[in-house]
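Colleague: Can you make the complete structure from the sequences, with help from the hints?
Protein chains in written order, with my numbering: chain P, 1 to 184; chain D, 1 to 184.
By construction, these hints were calculated from the structure, which means they are not laboratory data.
None of the values given here were measured: they were computed from a predicted structure.
Note that beta-carbon positions come from the ideal geometry of N, C-alpha and C, so glycine has one too.
Careful: at least some of the hints might be erroneous.
[As the list claims (entries may be wrong)] A few chain P positions that, by computed beta-carbon distances, are all more than 12 Å from chain D:
(1) Asp-20
(2) Ser-43
(3) Lys-133
(4) Gln-147
(5) Lys-167
[Unchecked claim] Partial list, derived from the structure: chain P residues whose beta carbon lies under 7 Å from chain D:
(6) Thr-71
(7) Val-80
(8) Cys-124
(9) Lys-162
(10) Cys-170
The residues making up each chain are set out below.
There are 2 protein chains.
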Amino acid sequence: MLEPGQTVGIGPSGRKIIYDADGKPCRSCNEYNDFQFVTGKISKSAAITALSTSNKLASVSSDDLIPGSRTYTKVPPPDVNQLGRSSWTMLHAMAAKFPKEKPTDVQKQEMTKFLTIFSHIYPCDWCAKDFEKYIRENSPKVDNREQLGQWMCEAHNHVNKKLGKPKFNCNFWEKRWVTGWDEE
Amino acid sequence: MLEPGQTVGIGPSGRKIIYDADGKPCRSCNEYNDFQFVTGKISKSAAITALSTSNKLASVSSDDLIPGSRTYTKVPPPDVNQLGRSSWTMLHAMAAKFPKEKPTDVQKQEMTKFLTIFSHIYPCDWCAKDFEKYIRENSPKVDNREQLGQWMCEAHNHVNKKLGKPKFNCNFWEKRWVTGWDEE
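Modeller: This is the structure we're talking about:
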């Protein structure tokens, strides 16, 4: 584990550790095991073990390889569930990195525009139309990170409700998408 | 299995089957097992078995539940790999649903704008900066689906190269992201 205040250049995965402007390791820019190591949650050897395990799990049988490739398999195009999970991951992560305070006018306009276009081109038509209507009736709140994170969480809950899924308690949005669960 | 030309309203999952404007089942709007069933790839009973297996795999131990929830667990925020996978899934799927021929000027402008803003707000700064530079030097090609799909595949390969990953053979982009592997 690291001593308090100690920083490292290279993580257990061999990748360079990326720090945010405030000097803290950036969660969404590093591998999970590297991040756990540089934030002192796990030892270097534990990180290396975890990395080699996840690499082993990722390797697949060679039956279904794409012709001419040694690594790419014949994965089918995403279905509606995979597409939904992927897109929410990206959208919540974008909210999590939105300026904490006082985004510029350009940053506010770009986020609003991005969500609006997203609702036009999302590759499931009925999902897109529903999201477009939601945005029309509930303008994205882009005055700061907390506002946008809450807005995104509520937009996601609107979809959860439509799909008969339980509501996520938005009081936990920051732990789920920004800080993780073991920090105060 | 279905007879040729037969259509169904409700899939084995209990969800309504969504069809594209051309009358074919929409891959990115349906669950994978429903799609496999309505396209005649698997029987109804096989689809139901697959669905119940994936539901079982998705259920988790209750140790790590979010306070007050019976289903949501303390999942950590996405790391750089999960964020990358999710974002590429969404971007390729968007290319896969882009108009095959003659997108309108608005559709072309929106796709270009979306990718440009994406390169500003992607929640990993160094990844975003690299993608911004790539877009500046390689304008997105938005004259039809095939062009955009190839452009996206090449943009992804640019990142694969940076990360030391093998190149994906872009001749297969349509099978990977639009049609799947068992159709001609």
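Colleague: Would you mind marking each hint as holding or not holding in the structure?
Modeller: Taking the hints in turn, this is what the structure says about them:
1. A beta-carbon of chain D comes within 12 Å of the beta-carbon of Asp-20 (chain P); the shortest separation is about 8 Å.
2. For Ser-43 (chain P), the requirement that its beta carbon stay farther than 12 Å from each beta carbon of chain D is met, with the minimum near 18 Å.
3. For Lys-133 (chain P), the requirement that its beta carbon stay farther than 12 Å from each beta carbon of chain D is met, with the minimum near 17 Å.
4. For Gln-147 (chain P), the condition that its CB be more than 12 Å from all CB atoms of chain D holds, with the nearest at approximately 16 Å.
5. Not every beta carbon of chain D lies more than 12 Å from that of Lys-167 (chain P), the smallest distance being close to 9 Å; the non-interface claim is violated.
6. With 7 Å as the threshold, the beta carbon of Thr-71 (chain P) comes within range of chain D, its nearest partner Cβ sitting at about 5 Å, so the hint holds.
7. With 7 Å as the threshold, the beta carbon of Val-80 (chain P) comes within range of chain D, its nearest partner Cβ sitting at about 5 Å, so the hint holds.
8. Interface restraint check: Cys-124 (chain P) against chain D, minimum CB-CB distance 4 Å, threshold 7 Å, status holds.
9. A hinted interface residue such as Lys-162 (chain P) counts as satisfied when its beta carbon comes closer than 7 Å to some beta carbon of chain D; here the least separation is about 12 Å, so the hint is violated.
10. For Cys-170 (chain P), the interface hint is violated, the least distance from its beta-carbon to any beta-carbon of chain D being 11 Å, above 7 Å.
The structure fails to meet hints 1, 5, 9, 10 from the earlier list, while all remaining hints are met.
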